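Participant: Chains F and Z supply the protein sequences, listed in that same order. Number 1227 marks the last residue of the first sequence (our numbering); no jumps. Number 1227 marks the last residue of the second sequence (our numbering); no jumps.
In case anyone wonders, no lab produced these hints; they're calculated from the structure. Among the hints, a few may not be true.
Note that the list lumps identical chains together, so a pair holds whenever it fits in one copy or between two copies.
To be verified - Cross-link-like lysine to any residue pairs, in silico, SDA-like; alpha carbons within 25 Å at most:
(1) Lys-941 x Ala-993
(2) Lys-1144 x Ala-948
(3) Lys-1144 x Asp-1099
(4) Lys-929 x Leu-1068
(5) Lys-1063 x Gly-926
(6) Lys-1145 x Ala-946
(7) Lys-941 x Leu-1002
(8) Lys-1145 x Ala-948
(9) Lys-929 x Pro-1215
(10) Lys-1164 x His-916
(11) Lys-941 x Phe-1088
(12) Lys-1164 x His-1207
Since the structure is predicted, the reported quantities are computational estimates derived from the model, not experimental observations.
So you can see what is in the structure, the chains are spelled out below.
Number of protein chains: 2
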Amino acid sequence: MTARYDVIGIGNAIVDVLAHSDDEFLAAHGLAKGAMTLIDADTAKVLYDAMAPAIECSGGSAANTIAGLASLGAASAFIGKVRDDQLGAIFRHDIRALGVTFETLLATGGAATARCLIFVTADAQRTMQTYLGACVELGPGDIDRDLIAAAKVTYLEGYLWDPPGAKEAFILAATVARQAGRMVALSLSDPFCVDRHRSDFCDLLNDHVDVLFANEEEIKSLYRVDTFDAAMQRVRGHCRIAALTRSKKGSVIISGDEVHVVDAVPIKPVVDTTGAGDAYAAGFLYGITHDFDLVLAARIGGIVAAEVISHFGARAEVPLDALVRREMGSA
Amino acid sequence: MTARYDVIGIGNAIVDVLAHSDDEFLAAHGLAKGAMTLIDADTAKVLYDAMAPAIECSGGSAANTIAGLASLGAASAFIGKVRDDQLGAIFRHDIRALGVTFETLLATGGAATARCLIFVTADAQRTMQTYLGACVELGPGDIDRDLIAAAKVTYLEGYLWDPPGAKEAFILAATVARQAGRMVALSLSDPFCVDRHRSDFCDLLNDHVDVLFANEEEIKSLYRVDTFDAAMQRVRGHCRIAALTRSKKGSVIISGDEVHVVDAVPIKPVVDTTGAGDAYAAGFLYGITHDFDLVLAARIGGIVAAEVISHFGARAEVPLDALVRREMGSA
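Just chain F, same shape as in the assembly:
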């Protein structure tokens, strides 16, 4: 069957709240620099009260990737749960305004739409404190089987393993995709997330995943090894394609016997690394769903990531289709 969509993403539907911060603030509040930490509503209130003036923009890891794909020109869809509140309206608006199909039913009771308090330090590092809110309402009932079957790739974020119902939705979606002969892609999301769910993620790689996205810390955490090279040897054969990102060192792509080392796009100044991995995944998935080879896909990933880290916020500020055409033409 012809695919109506290039990629469907399933993830936590989150509005980001971004502010400048410094190491003293992180230390005073005991925040793990560079990591994503789950917080409850009370902690979210305390931290927000202490936070500097902020800006709000739609976020969420898989949602950022889908937004990037849409901006690149891919046909894409998203499944994720927001409430019928003002932040939920912002999330829906921003993803639909890019042409993304987003029809997940709103939660009409329970917790508010999720938010992620993001503290950006002068070194462009981001420290994320996430209140999952309405995301915990996502369950298997939200998985539209026809939609999944109609997409070349179903893309899942590892963060979905945190809310319990979402995990079931995740496995259902992966199963439906595989049965329809489609590909399943997974991002490991965060080294601490890997730490929380290591054996589940290893099982997933064995049973469900065709394309794996991980950065250096995440893949080392998954296999509990100390070097990138050791992790890379372990990942070979564990899934069809692994795209391992290494910040300034670029990315390494592994697929069967193929191994490619692709340089990063130089960028200065780096302003805010929020969403770098999500952006890379967008570019890479665009490439492999449009019959580019793995090296070209990795290069597009690098171009999109470079755009996103050059400014505050996780989503692109310029239309990515034109940007990539320009960058590829000049390379």
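Using the hints, position chain Z against chain F.
Facilitator: This is chain Z only, laid out in the frame that chain F set:
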């Protein structure tokens, strides 16, 4: 009595929703480029549905000025009405996080917190469509007389003339300030706003206002004259101090027999002019409440305006006290 505050601002409490746009979009929706237009809830919904992905940040004309003053190190307070909703929480957080006293009671019913849909075109011009929402609930009961009497300057935005109850609050505040021997400052806000309330604004200048802020279009509209010079002749003697801004041409300050022409701070690229006038007012009011002469006050206004138009959004991205020290040192 010693003043506890340098400036207290009274204005519409608004969350800005900013997106890139183009002239075709403005024309298709019949939007008056560069102006602030009031819209109802239904129009706000239609326009938001058609709008590109956006970011949210606290706005409001006088509120932006007060935020700038706080960042410059001035002791400041704000009076304005938001609802007890998520956008209201964002507005409160952002202004309080700067150390601004903001104690206006939240509306617990009625319309939602105000928002301003801002369409920024590639020429850095901003076109604003404002849904006033909870701002219409502001009334004389919200004016804390002790707070007004405790501030060197009470700063009022002309936009307050749009919601009926706010107008009464405005006059009460100006009266209380004058009785306490304090200064009253007014921004004319927008040429269309001047057009709506011309004779009221002229009366205000005669009876209540010590410091007037207006840009070239606004002051020409107030006096229905065709040239800046003609407007400038009319404003002399109409209030103690007039600070007339002229974009790239800088500003002209008039006070009794004194007339100063102060150049703008050159800036490129100009990204988004939203909040330029509010920022200038912040710098100027900082100057006159800290015993700087009028020329220095105008220069600080120019420095703050240059920061704000160099990026997306109406409020400063960097601490203004340090910025101004650096710029003044190097001048």
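Participant: Taking 25 Å as the upper bound on the Cα-Cα distance, should Lys-941 and Ala-993 be classified as within, between, both, or neither?
Facilitator: Between copies only: 13 Å across chains, 30 Å inside a chain, cut-off 25 Å.
Participant: Should Lys-929 paired with Leu-1068 be assigned to within, between, both, or neither, using CA atoms and 25 Å as the limit?
Facilitator: neither (34 Å within a copy, 49 Å between copies)
Participant: For Lys-941 vs Phe-1088, is the C-alpha pair at or below 25 Å within one copy, between two copies, both, or neither?
Facilitator: within (23 Å within a copy, 40 Å between copies)
Participant: If the cutoff is 25 Å on CA atoms, where do Lys-941 and Leu-1002 land: within, between, both or neither? Let me know, please.
Facilitator: Both: 23 Å inside a copy, 18 Å across copies.
Participant: Within a copy, between copies, both or neither: which one fits Lys-1145 and Ala-946 at a CA-CA cutoff of 25 Å?
Facilitator: neither (35 Å within a copy, 40 Å between copies)
Participant: At 25 Å max between alpha carbons, let me know whether Lys-1145 reaches Ala-948 within a copy, between copies, both or neither.
Facilitator: Neither way: Lys-1145 and Ala-948 sit 32 Å apart in one copy and 34 Å across, limit 25 Å.
Participant: When no copy is specified for Lys-1063 and Gly-926, does a C-alpha distance of 25 Å or less occur within a copy, between copies, both, or neither?
Facilitator: Result: close neither inside a copy nor across copies, 29 Å intra and 47 Å inter.
Participant: Which holds for Lys-1164 with His-916 at a C-alpha limit of 25 Å: within a copy, between copies, both or neither?
Facilitator: Both, since 18 Å and 23 Å are each at most 25 Å.
Participant: Which holds for Lys-1144 with Asp-1099 at a C-alpha limit of 25 Å: within a copy, between copies, both or neither?
Facilitator: Neither, since 30 Å and 63 Å both go past 25 Å.
Participant: How would you label the pair Lys-929, Pro-1215 (within, between, both, or neither) given a Cα cut-off of 25 Å?
Facilitator: between (31 Å within a copy, 23 Å between copies)
Participant: Evaluate Lys-1164 and His-1207 at a C-alpha cut-off of 25 Å and name the case that applies: within, between, both or neither.
Facilitator: Classified as both; 10 Å inside a copy, 17 Å across copies.
Participant: At most 25 Å between C-alpha atoms: does Lys-1144 with Ala-948 qualify within a copy, between copies, both, or neither?
Facilitator: For Lys-1144 and Ala-948, neither the intra-copy (29 Å) nor the inter-copy (31 Å) Cα distance is at most 25 Å.
Hints 2, 3, 4, 5, 6, 8 from the earlier list are contradicted by this structure; the remaining hints agree with it.
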